[in-house]
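Q: If you want the building blocks of each chain, they are given just below.
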Amino acid sequence: MSLTLEDVARIALLSRIELSPAERESTRDQLNGILGFIEQLQAVNTTGIEPMAHAVDVVQRLRPDAVTETDRRADFQAVAPETEAGLYLVPRVVE
Amino acid sequence: MSRWEVVIGLETHAQLQTKSKIFSGSSIAFGAEPNVQANAVDIALPGVLPVLNREAVVCAIKFGLAVGATIAPRSIFARKNYFYPDLPKGYQISQFEIPVVAGGGLAIRVGAANDPNATATEKFVHLTRAHLEEDAGKSLHEDFHGRTGIDLNRAGTPLLEIVTEPDMRSSAEAVAYARALHSLVQWIGICDGNMQEGSFRCDANVSVRRPGEPLGTRREIKNLNSFRFMQQAIDFEVQWQINEITEGRAIRQATVLFDPDTGETRSMRSKEDAHDYRYFPDPDLLPLEIRPEWIAEVKAGLPELPQAMNARFQSEYGLSAYDASILTATRAMADFYIAAVAAAGAGNAKTVANWIMGELAARLNKNDMAVDASPISATQLAGLIQRIADNTISNNIAKKVFEALWNGEGSSADEIIEKQGLKQITDTGAIEALVDEVLAANQKSVEEFRAGKEKAFNALVGQAMKATKGKANPQQVTDLLKKKLGV
Chain A
1 MSLTLEDVAR
11 IALLSRIELS
21 PAERESTRDQ
31 LNGILGFIEQ
41 LQAVNTTGIE
51 PMAHAVDVVQ
61 RLRPDAVTET
71 DRRADFQAVA
81 PETEAGLYLV
91 PRVVE
Chain B
1 MSRWEVVIGL
11 ETHAQLQTKS
21 KIFSGSSIAF
31 GAEPNVQANA
41 VDIALPGVLP
51 VLNREAVVCA
61 IKFGLAVGAT
71 IAPRSIFARK
81 NYFYPDLPKG
91 YQISQFEIPV
101 VAGGGLAIRV
111 GAANDPNATA
121 TEKFVHLTRA
131 HLEEDAGKSL
141 HEDFHGRTGI
151 DLNRAGTPLL
161 EIVTEPDMRS
171 SAEAVAYARA
181 LHSLVQWIGI
191 CDGNMQEGSF
201 RCDANVSVRR
211 PGEPLGTRRE
221 IKNLNSFRFM
231 QQAIDFEVQW
241 QINEITEGRA
251 IRQATVLFDP
261 DTGETRSMRS
271 KEDAHDYRYF
281 PDPDLLPLEI
291 RPEWIAEVKA
301 GLPELPQAMN
311 ARFQSEYGLS
321 AYDASILTAT
331 RAMADFYIAA
341 VAAAGAGNAK
351 TVANWIMGEL
361 AARLNKNDMA
371 VDASPISATQ
381 LAGLIQRIAD
391 NTISNNIAKK
401 VFEALWNGEG
411 SSADEIIEKQ
421 GLKQITDTGA
431 IEALVDEVLA
441 ANQKSVEEFR
451 AGKEKAFNAL
461 VGQAMKATKG
471 KANPQQVTDL
481 LKKKLGV
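Here the protein sequences come in this chain order: A and B.
With our numbering applied, the first sequence covers 1 to 95.
With our numbering applied, the second sequence covers 1 to 487.
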């Protein structure tokens with residue numbers, strides 16, 4: 001499998017990454033290089049091996065259901081670009 | 001032209017009743033000041049890690065057990081990637097390939113919700129899956145100088161998304177399923193069911209086809225937050241799709257919103273790309289392991305489920321299927337009934353059912369109150385019913401006592417009966433004396449009756465009951481009158 005320039009443009013849009021036409025080409029080549037490694041991996045016979053969701057074979061630790069956090073809004077909003085009435089302000093989003 | 005078949009599947013987001021968020025220790029209490037319940041994990045500061053809330057998993061296990069589903073021994077969290085300002089990480093943590101709950105289903109009754117004489121059809125709605133995920137924040141589009149305000153208090157709130165197979169064939173079936181699910185999640189205590197606050201919201205996938213044909217293209221109606229809107233939205237959408245197809249236009253897959261003001265559904269102008277979520281396993285979270293011992297422990301703590309209770313009410317108390325379904329419609333209703341039967345005695349179970357579904361339900365409806373807010377307690381109602389059963393009061397007087405209990409005129413039926421002198425007169429001698437007085441004072445009616453006017457007899461009964469202030473047994477009065485008049 002290899003990606004076209006159109007594929008790269010679409011992935012870049014979904015990822016909100018702006019690429020110049022030259023960057024698109026180099027990105028395509030890099031991604032196709034990675035896909036080449038994956039093709040090598042896929043050539044390995046994995047019959048009977050259960051897929052893993054994580055590189056380490058341990059299970060999720062769980063947290064007791066307790067409220068442990070206090071209000072730190074003032075700290076967080078001190079470094080936010082724009083706030084008002086306790087809200088973070090962002091460029092207008094229209095559905 | 002052949003008829004159309006409607007095909008509906010529902011996706012429901014039930015907010016889980018935990019104290020803290022699914023991946024952080026922030027509170028999920030409703031109604032706080034904006035962003036005071038949004039910590040470093042919730043607002044996605046760099047370097048933070050999610051840690052799964054055990055109670056959210058317990059809620060998922062409870063649900064899986066209640067719907068007879070399979071609970072995955074190992075399930076996986078995935079990232080669902082999309083950009084929106086109220087989703088600070090740029091992805092939502094959800095479950096994709098292996099959800100925590102798979103399969104199962106819910107039996108529903110359609111068509112007889114408010115009418116004991118209508119025939120209800122039973123139907124089983126299959127569930128595809130239920131998975132754990134986090135909620136997003138809220139965008140406020142009011143005027144902040146042309147900016148959008150973001151409140152992240154809701155970000156990270158635990159949700160269980162419950163997905164059905166496309167099993168429903170009408171808006172009535174969809175609503176019946178949604179109501180049954182709404183009742184069940186509250187019954188097992190995993191969701192408060194508050195639809196106004198968004199704790200229980202449904203999306204409906206709707207398509208139409210000719211019977212026997214493959215599934216038509218579906219459109220998804222988003223965020224239905226009332227059962228009435230669900231019915232209206234689906235009915236409108238179905239008619240719209242039939243019109244489109246009839247006029248030769250193909251249905252395009254789309255997400256639509258229901259506008260309660262116009263009663264119409266309209267397409268959201270979202271880009272096609274929006275549905276490419278590029279799911280992949282979240283490297284920040286390890287697989288969730290649920291051992292059989294844990295499932296057994298949760299199972300032991302589950303209450304009797306509505307269907308089992310419904311069957312028990314029919315077999316143990318001789319209730320009709322309709323009565324049993326009304327009394328198990330909500331946990332609060334079932335609790336009230338069980339408490340009242342416990343106090344009144346199992347022999348009065350049927351009478352208790354009649355009073356709850358009759359007098360009490362009417363009063364509660366009129367005052368727009370839920371049964372758990374009833375001013376008459378289960379014990380008080382049971383006390384009243386015991387006095388009917390032992391003939392201390394007649395049914396008519398019982399209604400007066402009920403009224404007095406409702407208005408708080410006494411703490412028990414016995415106290416009210418005593419204080420207001422409502423005890424039924426059973427002393428035959430006393431009633432006979434009263435009947436004699438009535439006959440003497442109403443000679444005209446007596447003559448009319450003897451002349452063949454049947455109505456005159458009823459007038460005499462009325463007079464006699466009036467003389468006893470309603471405290472005599474009407475049957476006893478009628479019998480005595482007949483005897484005196486020689487009929």
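Watch out, some of these pointers could steer you wrong.
[To be verified] Derived SDA-like pairs (lysine to any residue); straight-line CA-CA distance at most 20 Å:
1. K138/B / Q77/A
2. K19/B / R72/A
3. K482/B / E437/B
4. K89/B / R72/A
5. K89/B / V93/A
6. K138/B / P81/A
7. K19/B / V93/A
8. K469/B / L434/B
9. K89/B / A80/A
10. K19/B / I17/A
11. K80/B / L13/A
No lab work stands behind these hints: they were computed from the structure.
Q: For every hint, state whether the structure bears it out.
A: Hint check results:
1. K138/B / Q77/A: holds, 17 Å
2. K19/B / R72/A: holds, 18 Å
3. K482/B / E437/B: Holds: K482/B and E437/B sit about 15 Å apart, inside 20 Å.
4. K89/B / R72/A: holds, 19 Å
5. K89/B / V93/A: holds, 17 Å
6. K138/B / P81/A: holds, 18 Å
7. K19/B / V93/A: violated, 31 Å
8. K469/B / L434/B: This hinted pair holds, its Cα atoms lying about 11 Å apart.
9. K89/B / A80/A: holds, 15 Å
10. K19/B / I17/A: Judged against 20 Å, a Cα distance of about 38 Å means the pair is violated.
11. K80/B / L13/A: holds, 16 Å
The earlier numbered hints that this structure contradicts are 7, 10.
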